[in-house]
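K.L.:
So you can see what is in the structure, the chains are spelled out below.
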Amino acid sequence: MTTTTTTPLPRDEKAAPMAMTTPRPARRRLRKDLVRSRIAAWSAVLVIGALGMLPVYWLLVTALSTPGQAFQFPPKLIPTEITFSNFSALAENDQLFTYLVNSMIVATITAVLSVVVATYMGYSFSKFRYRGRRSLMHLVLASQMFPQALLLVTLYTVFSSFGLLNTYTALVLSFTTFTMPLCVWMLKGIFDTIPDALLEAASIDGASRWRTLHSIVAPLAAPGMIAAGLFAFVRGWNDFIFALTLADKEKQTLPPGLVSTYIGEFQTAWPELMAASLVVSVPVVVAFMFLQRYLVGGMTAGSVKS
Amino acid sequence: MSTSAPRQKHGGRLSNGAFALLLTAPGLALFAAIIVYPLVSALFTGFFRQDLRLPGREFVGLENFTYWLDSGFGTILKQTLVFTVGATIVPFLIGFALALALNSGLKGSGFLRGLFLFPWVIPGVVVSFLWMWIFNANYGVLNGILLELGFIEESVSWLGKPGTAMLAVIITKTWASFPWMMVMLLAGLQTVPKELHEAAAMDGAGAIRRFFAVTWPQVRGVASIVLLLEFIWNFQHFDTIYVLTGGGPAGATETFATAVYQSAFKGFDLGRATALGGLWMLLLLVLVAAYLWITERKGDAR
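Protein chains in written order, with UniProt numbering: chain V, 1 to 306; chain E, 1 to 302.
In short, the hints are calculated from the structure, not lab data.
Backbone N, C-alpha and C fix where the C-beta goes; we use that ideal spot for every residue, glycine too.
Among these hints, one or two may not hold up.
Unchecked claim - Computed far set for chain V versus chain E, every beta-carbon distance over 12 Å:
(1) D33
(2) A91
(3) V101
(4) Q148
(5) T177
Said to hold, decoys possible - Covered stretches of chain E, going by a simulated chain V footprint (3 or more residues, C-beta under 8 Å):
(6) 64-70
(7) 91-103
(8) 160-170
What the hints assert, rightly or not - Residues from chain V that face chain E, not an exhaustive set, calculated with beta carbons under 10 Å:
(9) A41
(10) L59
(11) T62
(12) T66
(13) I82
(14) S85
(15) A89
(16) Q95
(17) T154
(18) P223
(19) I226
(20) K251
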């Protein structure tokens, strides 16, 4: 809503008649500017793009290098031979497999829980008007901005006193502290796009409010609910600080698991760690391919709309 | 749009307001238990002496707060601000430049946008691993390239020296943040009608003039939100710093996040950890209030 103050006009249709009435010198200036701005744009993309993508290239090269190649100095920027042995080494590591399974379980449960709870809350925020609604909405929005490190300190003592440390429950509940606000805001935005007239029609047809929500609104909002769930999955998958602290090797997820497996060793196995880094990144990269359409809305959790 | 929900006509026992509140109940319960209660209770713990591993606590008044204010608070605040400002402004400028470039009608800009998103999409620890490897003192590719080009005489221990560690951390976080700022700003730029540019050009405005007169007023809203959000996130950022340096060397990259974490989980001192956390939260509160004020003014939270 912040950016749609001017209705976007259909560009090409509008631009053509405009250009015809544009006086000559201005048109020439426009064209010169256009050429100049194209050159500037391409240089910016090339320079920033090259610098920005170099680390990605290095990630790939190292993951495909033998230890002998990776640990030579100065490093060879273009590899002479490639190997997939780093990936097969990962596959044989049982501890890493445990972390992977934990990541899958915890991120999935977190996503489902967040979406279910956030659907009701987001629907309530979107389609009803009552006292305290705005304060609640602000509380939800603000809650994602409070420091995780501080939240973690008390969560640790609370989970400890309930005997929940080193359980999936602790991880799911701690991840929900940041996925739920995100899902509530995203889903409120989705429900806002469903016309009120539809709800009124359902009511006139005799559907109860529960039925309206479950069999009319929810199916319509399903793509948005899946997107919110994917966002929650990714955020849970990427979490580091909570899983690092609230669980040990048995229940830990991949990000802290990789740190404890590889970092702080006498000699870090960089090629293997880079291979592992690629493997951890695959699910989130795939998820984002599906999320392209929801990207801008999801990134700020509904606080900015394009 | 005051009461948009359908009025219940037959047999509804609950009023609409009650029904709406009922819908929020599971969320609110979860919220109260895992966010509100822990944060509020953390604020109280700051006034006690309490060990993470032991039961029981003792009221000590302001002792934990004065401990920080006497030693460390100033340094931590300064370093947090250096990190936050650096890791907010630099990716903003890069992201803005890229957004402007991609918005000028380049072929394949959709594909490029997707490609540039990669650093932001991948998990934070992966970003940290990758840059740890790049900055590696013995085998790192950065030293290799800089030596080759003659910019440095001998390998630099980027993460091991207080003088360069903060820079390295900021570069790492910048790499992870510029893509989302680019996407947001690009979305903002795409709402600027081309006609405005053409009209301004007809009036004789050059490219720079047009940027400030036409483009900037249109994207200012998105830009301020992007900057403020990134500032808030960096102000409490933990992952990159913890993995890359752990707050070191010699505390040179210590921020509120790492200091609170270390004093709670390495020093086991809950009182001191939450006291510092309380001061930290006060500062964040100002930022969050500013954020809510801006979004409210834009009428987003209707």
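K.L.:
Now look at each hint and say whether the structure bears it out.
P.N.:
Verification of the hints:
1. Not every Cβ of chain E is farther than 12 Å from the Cβ of D33 (chain V); the closest lies at roughly 5 Å, contradicting the non-interface assignment.
2. Interface exclusion of A91 (chain V) from chain E stands, the closest Cβ pair being 19 Å apart, more than 12 Å.
3. V101 (chain V), annotated as away from the interface, keeps every beta carbon of chain E farther than 12 Å; the closest lies near 17 Å.
4. The beta carbon of Q148 (chain V) is not kept farther than 12 Å from every beta carbon of chain E, the shortest such distance being approximately 7 Å.
5. Non-interface status of T177 (chain V) relative to chain E is broken: a Cβ of that chain comes within 12 Å, the nearest being about 5 Å off.
6. Interface restraint, the region 64-70 of chain E with chain V: violated (0 residues with C-beta to C-beta distance below 8 Å; minimum three).
7. Residues of the region 91-103 of chain E with a Cβ under 8 Å from some Cβ of chain V number 6, which satisfies the need for three, so the listed coverage holds.
8. Here the region 160-170 of chain E counts 0 residues with a CB under 8 Å from a CB of chain V, which misses the bar of 3, and the coverage is violated.
9. Hint status for A41 (chain V) relative to chain E: holds, with the closest Cβ pair at about 4 Å, below 10 Å.
10. A hinted interface residue such as L59 (chain V) counts as satisfied when its beta carbon comes closer than 10 Å to some beta carbon of chain E; here the least separation is about 5 Å, so the hint holds.
11. Because the smallest distance between the Cβ of T62 (chain V) and any Cβ of chain E comes to about 7 Å, under 10 Å, the interface hint for this residue holds.
12. Here the hint on T66 (chain V) is broken, as its CB sits about 13 Å from the closest CB of chain E, past 10 Å.
13. Taking 10 Å as the C-beta contact cut-off toward chain E, the hint placing I82 (chain V) at the interface is violated, the least distance being around 17 Å.
14. This hint is violated: S85 (chain V) has a C-beta 18 Å from the nearest C-beta of chain E, more than the 10 Å allowed.
15. For the restraint placing A89 (chain V) at the interface with chain E, the shortest Cβ-Cβ distance is roughly 16 Å, beyond the 10 Å limit, so the hint is violated.
16. Look at Q95 (chain V): its Cβ only gets to about 16 Å from chain E, farther than 10 Å, so that hint breaks.
17. Interface hint status for T154 (chain V): upheld, as the beta-carbon distance to the closest one in chain E is roughly 4 Å, under 10 Å.
18. At about 19 Å, the closest approach between the beta carbon of P223 (chain V) and any beta carbon in chain E exceeds 10 Å, and the interface hint on this residue is violated.
19. Because the closest C-beta pair between I226 (chain V) and chain E is about 18 Å apart, greater than 10 Å, the hint is violated.
20. At its closest, the beta carbon of K251 (chain V) sits 17 Å from a beta carbon of chain E; the interface hint therefore is violated under the 10 Å criterion.
The structure fails hints 1, 4, 5, 6, 8, 12, 13, 14, 15, 16, 18, 19 and 20 (numbered hints given earlier, in ascending order).
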